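Visitor: Input sequences plus hints: build the corresponding full structure.
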Amino acid sequence: MLKRTPLYQTHRDMGAKMVDFGGWEMPLHYGSQIEEHHQVRRDAGMFDVSHMRVVDVEGAEARDFLRILLANNIDKLTLPGKALYSCLLHEDGGVLDDLIVYFLSEDWFRIVINAATAEKDIAWMLKQRDTRAPALKITPRPDLAMIAVQGPNARAKVWQALPGSQTSTQALVLFQAHVMPPWFFARTGYTGEDGFEIMLPAPDAAALWLALAAADVKPVGLGARDTLRLEAGMSLYGQDMDEATSPLEAGLAWTVDLQSPRDFIGKAALLANPPQRQLVGLLLEQGGVLRAHQVVHTALGDGEITSGSFSPTLNRSIALARVPLGIQTGATTEVEIRGKRLQAKVVKYPFVRHGKPCYSEI
Amino acid sequence: MTIPADLKYTASHEWVRREADGSMTVGITDAAQQMLGDLVYVEPPAAGRQLAVGEECAVVESVKSASDVYAPLAGKVTAANVELSGAPQLINQDAYGAWIFRIMPDNPADFDTLLDAAGYQAVVDAEGH
Numbered sequence: 000m001l002k003r004t005p006l007y008q009t010h011r012d013m014g015a016k017m018v019d020f021g022g023w024e025m026p027l028h029y030g031s032q033i034e035e036h037h038q039v040r041r042d043a044g045m046f047d048v049s050h051m052r053v054v055d056v057e058g059a060e061a062r063d064f065l066r067i068l069l070a071n072n073i074d075k076l077t078l079p080g081k082a083l084y085s086c087l088l089h090e091d092g093g094v095l096d097d098l099i100v101y102f103l104s105e106d107w108f109r110i111v112i113n114a115a116t117a118e119k120d121i122a123w124m125l126k127q128r129d130t131r132a133p134a135l136k137i138t139p140r141p142d143l144a145m146i147a148v149q150g151p152n153a154r155a156k157v158w159q160a161l162p163g164s165q166t167s168t169q170a171l172v173l174f175q176a177h178v179m180p181p182w183f184f185a186r187t188g189y190t191g192e193d194g195f196e197i198m199l200p201a202p203d204a205a206a207l208w209l210a211l212a213a214a215d216v217k218p219v220g221l222g223a224r225d226t227l228r229l230e231a232g233m234s235l236y237g238q239d240m241d242e243a244t245s246p247l248e249a250g251l252a253w254t255v256d257l258q259s260p261r262d263f264i265g266k267a268a269l270l271a272n273p274p275q276r277q278l279v280g281l282l283l284e285q286g287g288v289l290r291a292h293q294v295v296h297t298a299l300g301d302g303e304i305t306s307g308s309f310s311p312t313l314n315r316s317i318a319l320a321r322v323p324l325g326i327q328t329g330a331t332t333e334v335e336i337r338g339k340r341l342q343a344k345v346v347k348y349p350f351v352r353h354g355k356p357c358y359s360e361i
Numbered sequence: 000m001t002i003p004a005d006l007k008y009t010a011s012h013e014w015v016r017r018e019a020d021g022s023m024t025v026g027i028t029d030a031a032q033q034m035l036g037d038l039v040y041v042e043p044p045a046a047g048r049q050l051a052v053g054e055e056c057a058v059v060e061s062v063k064s065a066s067d068v069y070a071p072l073a074g075k076v077t078a079a080n081v082e083l084s085g086a087p088q089l090i091n092q093d094a095y096g097a098w099i100f101r102i103m104p105d106n107p108a109d110f111d112t113l114l115d116a117a118g119y120q121a122v123v124d125a126e127g128h
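Those sequence lines, one after another, are chains A and B.
Here the first sequence is numbered in numbering that gives the first Met the number 0, starting from 0 and rising by one per residue.
Here the second sequence is numbered in numbering that gives the first Met the number 0, starting from 0 and rising by one per residue.
Treat the hints as calculated values from the structure; they're not laboratory data.
Please read these numbers as outputs of a predicted model, since none were measured by experiment.
Take these hints with a grain of salt, some might be off.
Counterexamples of contact, computed for chain A against chain B with all Cβ distances above 12 Å [to be verified]: (1) Lys16; (2) Glu35; (3) Glu57; (4) Ala59; (5) Pro79; (6) Leu283; (7) Val288; (8) Ser308.
Some, not all, of what chain B presents toward chain A, calculated at C-beta under 7 Å [what the hints assert, rightly or not]: (9) Asp29; (10) Met34; (11) Gly36; (12) Glu60; (13) Val62.
We treat Cβ as the ideally placed atom computed from N, Cα and C, and that holds for glycine.
Guide: Shown next as structure tokens:
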């Protein structure tokens, strides 16, 4: 039996095509995935991301615990509400998950983890808690729903749908959250556009969704969520990295703090195993579609596409690929598609931010 | 979802129309385009290529996935719809207008062995679309 979010029936009512996504019955699209993609780049769209798991970490030892649990440095968070993107690493340096952590107060941090990895992550956190910070409270919050509203007009439309929310959220900077118990507004997302991710009690989710629809925010499925995040150059756990991948070979070195003297789980393994491969962007130079697992032939050996699709904004195919270290931006590679080799150029991603192409070929 | 009564079909979701000159026009059905979602790339067979029945001869790719198109009957490709290379979404807009290729069949009687609309409807029903 697939799990369902509090918005399941609302999606059906809006004509969604539902699919199995990591054990959850989720909307793939509501008609046209490409239209939904453009809607987010040009105006505002909303996503049900209630399958993702919120976990509250509470107690005096919270920061000390996160300092060792996370590969990114929690001490970068000094302003209340600010968020940090980080990997959760295994001792061997493999990526257990990627997550967002919000600093709400010295004794309350809120973490958002992926749906498919939630049970594994929580078991890992509890195990680490038991030996390192037994008094710490770690509370999964399946009672919360989450709706992401993204796009250049997203914030204005949220304020239109929820007039009471404007005063307390209009001063939020990027990657900052505000708690309005029992609601939570964060200026974060997974699309490369401005907007909010709103956490709220599950029974309130359908009313918010309908209020946003009334403010002309269109529903967007997981299909467009994937092309939006790929254009924005954001990693997808299980595809671009997993337990067998070092974050240093997944384009995530910027999130791993190896400079400070701070120790963290996985640090020793990362220092002992310098990266041999790198994640790069690819642009297909002709018709066709790059897909995950296609082989990439380069001058320094073979690599593999980790995420590939059609970019509706660029109107051509793009991909993230793991290739040997030393392959430079601007190099030409050959991707094997159905027995043929098609040329793809190595580019610096992200491909698109704030509605505009932004990749670099040099 | 529509299944015009004047066309023939395959269980692999191609439609076939017999033209006045004896050639056969081939595309994918409305049910197929609905399953695939937004199409972003179409690769038709080259004109002149000889096809065996059931042979993989074209590819249609949606944002989600790539799918093969199979030759509904044996014969030689006489034309490909070049309009689709710049506008694959035409198939989503009108699956029975946006043909993919034309074929001159080796044996014109093969046309009669294809599924009629009722037969194809049964295939779609059985697959649960």
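Visitor: Against each hint, give a clear statement of whether it holds in the structure.
Guide: Do the hints match the structure? See the list:
no. : hint   : in the structure
1   : Lys16  : violated (8 Å)
2   : Glu35  : violated (10 Å)
3   : Glu57  : holds (41 Å)
4   : Ala59  : holds (48 Å)
5   : Pro79  : holds (40 Å)
6   : Leu283 : violated (10 Å)
7   : Val288 : violated (5 Å)
8   : Ser308 : violated (6 Å)
9   : Asp29  : violated (15 Å)
10  : Met34  : violated (10 Å)
11  : Gly36  : holds (6 Å)
12  : Glu60  : holds (5 Å)
13  : Val62  : holds (5 Å)
Violated hints, in rising order: 1, 2, 6, 7, 8, 9, 10; the structure is consistent with all others.
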